[in-house]
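Listed in order, the protein sequences are those of chains A and B.
In short: position in the first sequence from 1, add 47, done, that's this note's numbering.
In short: position in the second sequence from 1, add 99, done, that's this note's numbering.
Keep in mind that the hints were calculated from the coordinates and are not lab data.
Check before you lean on any hint, since a few could be wrong.
As the list claims (entries may be wrong) - Not everything, but these chain B residues come out facing chain A in the computed CB check (under 10 Å):
1. V103
2. V112
3. G115
4. A116
5. A128
6. S131
7. F133
8. Q137
9. E142
10. S194
11. S198
12. Y199
13. F203
14. G204
All C-beta atoms, glycine included, are put in the ideal place defined by N, C-alpha and C.
What follows is each chain in one-letter form.
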Amino acid sequence: DTGVSQDPRHKITKRGQNVTFRCDPISEHNRLYWYRQTLGQGPEFLTYFQNEAQLEKSRLLSDRFSAERPKGSFSTLEIQRTEQGDSAMYLCASSPSGGITDTQYFGPGTRLTVL
Amino acid sequence: RKEVEQDPGPFNVPEGATVAFNCTYSNSASQSFFWYRQDCRKEPKLLMSVYSSGNEDGRFTAQLNRASQYISLLIRDSKLSDSATYLCVVTRKGSGAGSYQLTFGKGTKLSVIP
Numbered sequence: 048d049t050g051v052s053q054d055p056r057h058k059i060t061k062r063g064q065n066v067t068f069r070c071d072p073i074s075e076h077n078r079l080y081w082y083r084q085t086l087g088q089g090p091e092f093l094t095y096f097q098n099e100a101q102l103e104k105s106r107l108l109s110d111r112f113s114a115e116r117p118k119g120s121f122s123t124l125e126i127q128r129t130e131q132g133d134s135a136m137y138l139c140a141s142s143p144s145g146g147i148t149d150t151q152y153f154g155p156g157t158r159l160t161v162l
Numbered sequence: 100r101k102e103v104e105q106d107p108g109p110f111n112v113p114e115g116a117t118v119a120f121n122c123t124y125s126n127s128a129s130q131s132f133f134w135y136r137q138d139c140r141k142e143p144k145l146l147m148s149v150y151s152s153g154n155e156d157g158r159f160t161a162q163l164n165r166a167s168q169y170i171s172l173l174i175r176d177s178k179l180s181d182s183a184t185y186l187c188v189v190t191r192k193g194s195g196a197g198s199y200q201l202t203f204g205k206g207t208k209l210s211v212i213p
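Bound-form chain A, shown alone (with noise of 0.2 Å):
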């Protein structure tokens, strides 16, 4: 399969824990983005790289989020000192540099449950 994996699949924490989540996009795409969806809301947009720089964040990443994609292939999303309102599907997506560039392809998502 060479659409976009991420990893794990399910994370469960205890409120206070910090988790980290790698996004693998499709090879030959510079672009990634990563999304946020709670129960019965759209995805929202978090951050976007393009290659290994992070040139946009949404005020919804909070100082306790950070994300990385240090050689501009996967990515790596960390929450510290977790909370019960940061459950939720953790998406990622990717799009090529070229072409219909605005075209995002989805990742499974990652679905966190913090206690």
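Place chain B on chain A using the hints.
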């Protein structure tokens, strides 16, 4: 006002019915328009792009009216497998170079009943 608003649903329709979803968006700078489909507890998947000239893909027809900032999706001859949540999506350029932010509606749930 939310940037993208959709019919709240849910829509419960019998097999074979025609169903229409509507969506409005508030940002006139929006550049591209899509319908995504999301199955329960799965990721959104692109269903089709939406153009002002209208476009059709089998039983699905999408239409965009830029003047009234309105997007529609028509599904003809509904199948059980069409049961899902349909998300209206608009994009605009973000502040980062090459960034295109997707803004999603809340989605409309469709249940096709035998």
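Each hint, compared with the structure:
1. V103: holds, 8 Å
2. V112: With a closest approach of 21 Å, the V112 (chain B) hint is violated.
3. G115: violated, 29 Å
4. A116: violated, 25 Å
5. A128: violated, 13 Å
6. S131: Check passed: Cβ of S131 (chain B) comes within 5 Å of chain A, closer than 10 Å.
7. F133: holds, 8 Å
8. Q137: This interface hint holds because 9 Å falls under the 10 Å limit.
9. E142: holds, 4 Å
10. S194: holds, 6 Å
11. S198: holds, 5 Å
12. Y199: holds, 4 Å
13. F203: holds, 3 Å
14. G204: With a minimum Cβ separation of about 6 Å from chain A (threshold 10 Å), the hint on G204 (chain B) holds.
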